[in-house]
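Residue numbers (my numbering): 844 to 1014.
Since the hints were made in silico from the structure, they are not lab data. It should be emphasised that the depicted structure is a prediction, and the values quoted were computed from it without experimental measurement. Just so it is clear, CB atoms sit at the ideal spot from N, CA and C, and this is done for glycine as well. Hints should not be assumed to be uniformly reliable.
Stated by the list, open to error - Dumping the calculated SDA-like pairs for lysine to any residue here, alpha-carbon to alpha-carbon at most 25 Å: (1) K875 with Y943; (2) K875 with M844; (3) K875 with F860; (4) K875 with W942; (5) K875 with G861; (6) K875 with V967; (7) K875 with A852; (8) K875 with G896; (9) K875 with A897; (10) K875 with A899; (11) K875 with L929; (12) K875 with I855; (13) K875 with G933; (14) K875 with D888; (15) K875 with L863; (16) K875 with P890; (17) K875 with G909; (18) K875 with R885; (19) K875 with R887.
Stated by the list, open to error - Simulated restraints on C-beta separations: (20) G974 with L883: 22 to 30 Å; (21) S977 with F932: 49 to 57 Å; (22) A852 with F873: 29 to 37 Å; (23) G973 with N920: 27 to 35 Å; (24) S851 with K875: 33 to 41 Å; (25) R955 with T927: 35 to 43 Å; (26) G910 with V936: 17 to 25 Å; (27) L919 with R955: 38 to 46 Å; (28) G924 with D877: 21 to 29 Å.
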Amino acid sequence: MINHLVFSAILIPGAIFGALLVVPWIERRFTKDDAEHHLLDRPRDAPVRTATGAAAIAFVSVLFLGGSQDVIAGTLNISIGHVTTLLQFGALVAPPVTWYVTYRLCRVLADRPGAERTERGGAVRRDSSGGYHSVADPSTDPAGASGDRAPRAGTSVGDVAHASRSSETST
844 MINHLVFSAI LIPGAIFGAL LVVPWIERRF TKDDAEHHLL DRPRDAPVRT
894 ATGAAAIAFV SVLFLGGSQD VIAGTLNISI GHVTTLLQFG ALVAPPVTWY
944 VTYRLCRVLA DRPGAERTER GGAVRRDSSG GYHSVADPST DPAGASGDRA
994 PRAGTSVGDV AHASRSSETS T
């Protein structure tokens, strides 16, 4: 007979961390995407992955609360049996509800115009104290050429370093 401590201290955490370890291989198999990726996806651009992660967090959170069911029952002055039943219900209902809500939120956010789809005006300048501020029209900026421009999105570190070296040598 296996003791209940073996389940709570070894088997359940082992299953959770084991599942976390195999998620990349499972996702690669389902999406059939074998390309090498070095960039992160925004959560709204991968709604199934985001919703699945949120559902897993909801499930583990209910299990975490289950570890303190005696404290919850004592604080709320209800029986431990009622708390156990509520947590069992929560462990079954919270993950699918969380998955659906998160998936819908990601889909709504993906349908909205994002930062790459909106037109931006003005420029961002760096002041002498190291902070950044936006300037509507760069030609009327009081800092003028003395303020450093912030790197544009999509530029690599080498481009920024080269631009800063060339601006230092030109002054």
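Structure-based check of all given hints:
1. A C-alpha spacing of about 24 Å is found between K875 and Y943, which places the hinted pair at or below 25 Å, so the restraint holds.
2. As the CA atoms of K875 and M844 are separated by approximately 42 Å, the hinted pair breaks the 25 Å bound.
3. For the hint linking K875 to F860, the alpha-carbon distance of about 24 Å falls within 25 Å, and the restraint holds.
4. With a CA separation close to 22 Å, the supplied pair K875 and W942 stays within the 25 Å bound.
5. For the suggested pair K875 and G861, the alpha carbons sit about 22 Å apart, so the restraint of at most 25 Å is met.
6. For the proposed pair K875 and V967, the alpha carbon gap of about 41 Å is over 25 Å, so the pair is violated.
7. Distance check on the hinted pair: K875 and A852 sit about 35 Å apart at the alpha-carbon level, beyond 25 Å; violated.
8. Of the supplied pair hints, the one linking K875 and G896 holds, its CA atoms being roughly 19 Å apart against a limit of 25 Å.
9. Taking the CA atoms of K875 and A897, the gap is about 23 Å. The hint holds against a cut of 25 Å.
10. For the proposed pair K875 and A899, the alpha carbon gap of about 23 Å is at most 25 Å, so the pair holds.
11. About 39 Å separates the Cα atoms of K875 and L929, which puts this hinted pair outside 25 Å; it is violated.
12. This hinted pair does not check out: K875 and I855 have alpha carbons roughly 29 Å apart, beyond 25 Å.
13. Among the hinted pairs, K875 with G933 is inconsistent with the structure: their alpha-carbon atoms are about 33 Å apart, more than 25 Å.
14. Taken as a hint, the K875 and D888 pair is honoured in the structure, with Cα atoms around 17 Å apart against an allowance of 25 Å.
15. Simply put, K875 and L863 have alpha-carbon atoms about 19 Å apart, close enough for the 25 Å limit, and the pair holds.
16. For a cut-off of 25 Å, the pair hint linking K875 to P890 stands: about 17 Å separates their Cα positions.
17. A distance of roughly 37 Å separates the Cα atoms of K875 and G909; the hinted pair therefore is violated under the 25 Å criterion.
18. For a cut-off of 25 Å, the pair hint linking K875 to R885 stands: about 19 Å separates their Cα positions.
19. For a cut-off of 25 Å, the pair hint linking K875 to R887 stands: about 20 Å separates their Cα positions.
20. As the Cβ distance of G974 to L883 is approximately 26 Å, the hint placing it in 22 to 30 Å holds.
21. The hinted window of 49 to 57 Å between S977 and F932 holds, with their beta carbons roughly 50 Å apart.
22. Distance hint for A852 and F873: a CB-CB separation of about 32 Å, consistent with the stated range 29 to 37 Å.
23. For the pair G973 and N920, the supplied restraint of 27 to 35 Å is violated, since their beta-carbon distance comes to about 55 Å.
24. For the hinted restraint 33 to 41 Å between S851 and K875, the CB-CB distance of approximately 37 Å keeps it satisfied.
25. Checked against the hint of 35 to 43 Å, the pair R955 and T927 passes, with Cβ atoms roughly 42 Å apart.
26. A beta carbon spacing of about 19 Å between G910 and V936 agrees with the range 17 to 25 Å that was offered as a hint.
27. The supplied range of 38 to 46 Å is met by L919 and R955, whose beta-carbon atoms lie about 40 Å from each other.
28. Between G924 and D877 the CB atoms are about 50 Å apart, so this pair departs from the stated range of 21 to 29 Å.
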